[in-house]
Amino acid sequence: MSNTLTIVAGFTAKPGQEQRLRDELTAMIAPSLAEEGCLGYQPYADPANPSRMIIVEEWADSAALEYHFSLPHFTHVAQVLEEILAEPFTLRRLTDVPAQV
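Numbering-wise (UniProt numbering), the sequence shown opens with residue 1 and increments by one.
Note that these hints are calculated values from the structure, not bench results.
Bear in mind that the values here come from a model prediction, so they are computed numbers and not experimental data.
Restraint-style ranges between C-beta atoms, simulated for each label pair:
no. : residue 1 : residue 2 : range
1   : P98       : K14       : 37 to 45 Å
2   : F69       : T26       : 17 to 25 Å
3   : L39       : K14       : 27 to 35 Å
4   : I84       : N3        : 28 to 36 Å
5   : A30       : P98       : 30 to 38 Å
6   : E36       : Q100      : 29 to 37 Å
7   : D23       : Q100      : 39 to 47 Å
8   : G16       : T75       : 18 to 26 Å
Glycine included, C-beta positions come from ideal geometry on N, C-alpha and C.
Using the sequences plus the hints, can you model the full thing?
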């Protein structure tokens, strides 16, 4: 069984902050993917509601995710999100479900 961790983070921008949310989350892709334990990092926009976005992330393990939270690019975006989000972001931690054989 894999120890990988999938994260689904949800965001809702304040009115007028939709593009800034997009820009900030997009800016997180390259530095996050450069981290040793990052296996995937992709933002998605809701086409029916431009104020909503999610990021789907995959990490080698919990330690890699915790390290991510300590890095400058994460602490920067966390500060920006406090200013531009209409509500606190959601964070769902998911693990693989073992296949039934």
